[in-house]
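Given these sequences and hints, build the entire structure.
Spelled out, the chains give:
2 protein chains.
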Amino acid sequence: MTTENNNALFAKGEKLTNGYFTGDAYLETLLQKDKNNNFVMGAVTFEPGARTNWHTHPKGQVLIVTEGEGWYQEKGKPAKTIKKGDVINIPENVEHWHGATANIKMVHIAITNYEGETNAVWLKPVTDEEYHEANK
Amino acid sequence: MTTENNNALFAKGEKLTNGYFTGDAYLETLLQKDKNNNFVMGAVTFEPGARTNWHTHPKGQVLIVTEGEGWYQEKGKPAKTIKKGDVINIPENVEHWHGATANIKMVHIAITNYEGETNAVWLKPVTDEEYHEANK
Chain A
1 MTTENNNALF AKGEKLTNGY FTGDAYLETL LQKDKNNNFV MGAVTFEPGA RTNWHTHPKG
61 QVLIVTEGEG WYQEKGKPAK TIKKGDVINI PENVEHWHGA TANIKMVHIA ITNYEGETNA
121 VWLKPVTDEE YHEANK
Chain F
1 MTTENNNALF AKGEKLTNGY FTGDAYLETL LQKDKNNNFV MGAVTFEPGA RTNWHTHPKG
61 QVLIVTEGEG WYQEKGKPAK TIKKGDVINI PENVEHWHGA TANIKMVHIA ITNYEGETNA
121 VWLKPVTDEE YHEANK
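Top line first, the protein sequences correspond to chains A and F. For what it's worth, UniProt numbering labels the leading residue of the first sequence as 1, then goes sequentially. For what it's worth, UniProt numbering labels the leading residue of the second sequence as 1, then goes sequentially.
In case anyone wonders, no lab produced these hints; they're calculated from the structure. Incorrect hints may have been included.
Copies of the same chain are indistinguishable here, so a pair counts whether it falls within one copy or spans any two.
SDA-like mimics (lysine to any residue), calculated; alpha carbons at most 20 Å apart, straight line [claimed, not checked]:
id: 1; residue 1: 105; residue 2: 133
id: 2; residue 1: 35; residue 2: 95
id: 3; residue 1: 35; residue 2: 88
id: 4; residue 1: 35; residue 2: 89
id: 5; residue 1: 35; residue 2: 93
id: 6; residue 1: 80; residue 2: 14
id: 7; residue 1: 75; residue 2: 38
id: 8; residue 1: 35; residue 2: 87
id: 9; residue 1: 35; residue 2: 91
id: 10; residue 1: 83; residue 2: 31
id: 11; residue 1: 12; residue 2: 91
id: 12; residue 1: 35; residue 2: 119
id: 13; residue 1: 12; residue 2: 85
id: 14; residue 1: 77; residue 2: 129
id: 15; residue 1: 136; residue 2: 103
id: 16; residue 1: 77; residue 2: 88
id: 17; residue 1: 84; residue 2: 127
id: 18; residue 1: 33; residue 2: 86
id: 19; residue 1: 35; residue 2: 56
id: 20; residue 1: 77; residue 2: 92
id: 21; residue 1: 15; residue 2: 68
id: 22; residue 1: 84; residue 2: 42
id: 23; residue 1: 35; residue 2: 112
id: 24; residue 1: 77; residue 2: 122
Owing to the predicted nature of the structure, the values given are computational and were not obtained by experimental measurement.
Quick look at the structure:
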């Protein structure tokens, strides 16, 4: 389902059903990898409570939060609040997750660099316990 | 001068005084080139009437318009309107300019790829005649 919102920067895009997300998340692809751009770029909408699985990027990823408020957590560290206007430069091969807070929707642009043909390695879901710990 | 605007996605940043822009344009740097990201990323604010010089990028550039409305023109082609939410994938080595319309401010994120240590080749200013032709 594609939905439009005149107040939003981008269309909401397609609901993600790839098994790498918990809750309702949507992807609007903005740019595919090509000969100049060694990354894919998309706008990801996380409804309240929605988050990625734990995952890594072999060549890192840049997030630009364009709406709302959410969480970014690297394994073994406390979750950090991220909000509209924030830029997060995620290092290579660091296990992490990102998503909305329990009560506030978040939208971010994701610029995901490639190493060869790979840009992400997906791991286990963020459990409700892990997520509630962030939202305490 | 750095100014903040609570409604805007990013800070307005520093006024550009490098001679590569006509009118009042501002840059908020969002990310520097590093080992994972072979690009620099910034938010550029063009007040009405402001525009870049003609220029090229050896490895292309991606623009994401986050506010307002402006122009993008490649040499020898008509100027195209660009507006909030648009993504422009600028090819390598194509002479072009971008900027606000005569009456509407524009803000865009610019993701500028590097070829070696170079990301742009700056050329002549866009004359008032060229700019008014776009705004007809």
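Quiz item: Quick check: which numbered hints come out false for this structure?
Solution: 6, 7, 11 and 17
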